[in-house]
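Trainee: All chains, full assembly: derive it from the sequences and hints.
Residue numbers (the numbering used here), protein chains in the order written: chain A, 243 to 368; chain B, 101 to 298.
In case anyone wonders, no lab produced these hints; they're calculated from the structure.
As the structure is a computational prediction, the values presented were derived from the model and not from experiment.
Using N, Cα and C, we set each Cβ at its ideal position, and we do this for glycine too.
Okay, the calculated bits of chain B under chain A, using three or more residues with CB under 8 angstroms as the criterion:
#1 205 to 217
#2 221 to 230
A few chain A positions that, by computed beta-carbon distances, are all more than 12 angstroms from chain B:
#3 S257
#4 R305
#5 G346
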Amino acid sequence: MSAAEHSTSARLSSSPRSRLARVALQAATAMPQVVVGVRGPRGAWVSVDAGEILEGVVVTARRDGRFDIELHVVVRWPSGSLLTLADQVRATVKRAAGRAQLDGVLGQVTVAFEDVREASSEEVAG
Amino acid sequence: MILLLRAVARLLTITLFVVLAVCGLAIAIFSIGGSRTGDFNLSGLARLVGLGELRSQVGGLLADLARPGPVAGIAVLCGLAAIAVGVLLLVGMLWPRRERLVVLERTAEGTLAARRRVLGRAAGALAEQARGITATKVKVKPGRWRGARLSVRASYSPAQESQDVRQRTLRALAPLTEAFGLRTRVRPRPARHTRKVQ
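Mentor: Structure follows, in structure tokens:
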């Protein structure tokens, strides 16, 4: 393997941390009440997995080998109770991490609702 | 006030850094010169900025300060004022900024936080469910240390009593305010136009 190929594969590699970031963000944004992840000021809330920038998720390593997740998301309004929605997001992330066999490294899940977006009339009706 | 102090502290910091950089640059340049004769050395720099005259002037002032008299009194007052300004600038630099993200809950599972806009929308939606309310305007003021304060202006139809409206609004907001320990202030006011159908 040449140096350039080695460098490219290193850049595109995944780690449990980055895979957890991807799994958590995908699980959260797949929920109908969650619109999108937020990049944050100067890209403070992004992670990189396999060379792809994931906006709205930050994964922090803990001493015990697990990873805490911060999700910064825009929610669709009306979304009901913020507390219930946060619990649903956490449960969804936990299930997704379990399916990806990453539940052993999942720590706390922080949910930050950064903005709201109006649901369209079809979304409200449907 | 804190914003002003913070701005002054920042301006002063930048100014002092610029002055320090210019002084350092001048000393470095004159040190490189290093000639023992002429003006292009540190002695020349001292002559150029008039350090000799400054020493004689300051020497006179210091002599006046050492003696009891009006100069000493003024110097004490100036010293105290300088300390006060320094303390104010420190307050301006160190006083925590008001966090725009309101932390609503911290548990072993994780933290729940929301921006003011999200919290305002949630509070407005709850408050508008109270009977007799025609419109609401919610302001969220995050606390400096934790939590937030909701300020709700509730417009009500003329048939309602102000106190009842206040109580009903507080009850409607309870799922949000009690769950997250938010302080709430409700200001009912009669609606000019009753737009909302109850």
